[in-house]
Structure formats: structure tokens, C-alpha cells
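Colleague: Following the hints, put chain P in place on chain W, whose structure we already have.
Protein chains in written order, with this note's numbering: chain W, 1 to 174; chain P, 1 to 174.
It is worth saying that the hints were derived from the structure and are not from the lab. This one's a predicted model, so the numbers in the text were calculated from it and none came from an experiment. Treat each hint with caution, since some may be false.
One copy or any two copies: either way a pair holds, since identical chains are not told apart in the list.
Simulated pairs of lysine to aspartate or glutamate, EDC-like, Cα-Cα distance not exceeding 16 Å [as the list claims (entries may be wrong)]:
1) Lys34 - Glu9
2) Lys110 - Asp154
3) Lys150 - Glu115
4) Lys33 - Glu9
5) Lys169 - Glu9
6) Lys34 - Asp57
7) Lys119 - Glu103
8) Lys111 - Asp154
9) Lys33 - Glu128
10) Lys150 - Glu9
11) Lys101 - Glu9
12) Lys101 - Glu128
13) Lys169 - Glu136
14) Lys34 - Glu86
Residues per chain, in single letters:
Number of protein chains: 2
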Amino acid sequence: MATSTPHQENLTSSNASYASTFTQGHLALPPAKKYAVLTCMDARIDPAAAFGISLGDAHVIRNAGASARDALRSLIISQQLLGTQEILLVKHTGCGMLTFKDEDAVGLVKKNLGEGGIKAVQQGFREEFLTFPDLENAVRSDVEWLNQNKGIPDGLVVSGWVYEVETGKVRRVI
Amino acid sequence: MATSTPHQENLTSSNASYASTFTQGHLALPPAKKYAVLTCMDARIDPAAAFGISLGDAHVIRNAGASARDALRSLIISQQLLGTQEILLVKHTGCGMLTFKDEDAVGLVKKNLGEGGIKAVQQGFREEFLTFPDLENAVRSDVEWLNQNKGIPDGLVVSGWVYEVETGKVRRVI
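The shape of chain W in the complex, shown without the other chains (with noise of 0.2 Å):
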């Protein structure tokens, strides 16, 4: 095993602290409120304090622009296997999915990892980069893709959201 970098130390001595007044592990799998929320993976977002999740209740799915292709597998595992019945879908703004275009990353990953790494995108996820030039239309779009998607139970409720980095603040969308 390699020497400890500084994150690999510093997940080890945070977590070394949060386990010591560790009280929550009761909790069982299904999350006790059974829904599901999907996010961005941007650092600027904590979802748990901003979003009021409390340990143990929701699903929390994050990826690159909160794209609900992308979080497909997990929702369908979340809702089929884990029993959520409500997906809330929070976009936000100055997401890197709004700064760049597919094309943008095609090049790069084509300028810094050459042709296999071009091959290892596709092989991964069809290269596209599900990138998007307008956030409310892409939260609407995302919303009504999820609706009309058969894997997805006609009965499940999908809500779609902003949240504003800028101001720590959601707005609903659709």
C-alpha cells in the first residue's frame, strides 16, 4: 500500500473523530423516508445541510450536472430494490455541465490521454459528456425524461430544482 497523501490522512483522522460519537448504527438500508435526491457532484454543494436530508432518510445520487441519464441504474435500484417513491432532481447554477461543451472535453481527453482515452470514454458512457447550455431547460428536460422513461413507475414523483451557489438558496423549477 502506498504512503498516506494528505487527503487519504485527512480521511482517515476526520473519520477517526466522527466515529468516536458515532450513535446511528441502527439505521436500516431502505431510507427511512423513502425518497431519493439527485445532485451534482460539485464540491460546493453539501446536500445533506443544504437540502435537510438527515442521515438514514433519502438517497442522495451525485454525478457530473445531476444528469438523470447518467443516474439511471441507481435510481431504478433506489426505487425497484429500496422502495423510494419521490425523486427531487437539484441542478444549480455555475455548473461546470453549463461552463464547458462536449466537444470541449472530446478535445481535451483527446489532447491529454490520446486515442485510448477517447476509447475508454466511449467504452464508458458513449462520449457524450451530457454537458447543457441553459440550466432551467435542462432541469425541465431532465424532469420529463425521468416521466416518460418506462423504467421509471408511473406513479413516482420527480420535482426539479435550482440551487444557487452563490447564495446557498433552492428555487423550484418544475
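Modeller: Quick look at chain P alone, frame taken from chain W:
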């Protein structure tokens, strides 16, 4: 817009309280500490608290089982577009992906959603639910898969960990 559900109301009211004392609106898009944490969507994990991640420091990617394959798009974006240089991959005890098998998941989707559901699953992610029978081996094999993936730069540091939902403790696997 539909009437608010209790989860939507909780999001709105919790967030109003969060935003009222929010002071971090100046944070930049790229993670300040240049690393990404990949962990599970499980409701019993609070990565910020349990893994010592301050707001703005790291990307947090979450999916069912902390699957590296499922996270590939986000990981490549994290590194190629937003400058992260290290991945902490954290799977956990009691994971749903340990509890279920792919054929169980496929069977349930077929039963609940019919052939249309299975077709949607296939279009979304090729019919694999990415369950795994052994926790430590799954951590190792995901780290190795990332290390060999041509979409991930050679210099990137990847370590693999297990979080115990019973104790709140993390331990390093690889």
C-alpha cells in the same frame, strides 16, 4: 406545478434556514483541494461529515454501490476539466449491491414494469446493475479497473476504502 409533497416542503424549509446563514458564495468551481470522493448513494452515509470534506474542497460522486464504471463520465470530467488529481473510492458494509444479485434486480423490474421497463434499463445502462458478492474484492477490483482505464491519467492516485455503517469507521483496503 403540483402541490408540494412533504419532502418538497422539507427541502424548501430546511434550505431557507441553511441559506439564511450561508457565507460561502465566493467558492470557485474547481475543487480547492483537487480530489474526488466516489461513494455509494446509501442513505446512511454523510460524506462531508464522515470523510471530513469541507464545502468547496472535493467533488463527491455517489451512485448505487460506489461503482467506478458508473462514475466514469463524472471522474473524467472531474480530472480533465476541473483539475482533480486523486480519487478516494469508498464502498460500505451492508450495501444493497451486496444484498441483491443482478438477476434479482432484472426479475423485479420485469415483474413491476414489464418488458418496457427492461428495455429502458438496457437503453440506459446495458442491463447490468453492477451488484457484487464480496465487499473488499469489489473495492480492489474497482481501483484496479480505474488504474488500468485509459480514460484515467497515469499519475492519478486512487485508493480504496470501506466505510462501516454500523460503527461510522472507515478502513483502507488498497
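Colleague: Which of the listed hints are not met by the structure?
Modeller: Numbers 9, 10, 11 - these are the hints that the structure violates, sorted from lowest upward.
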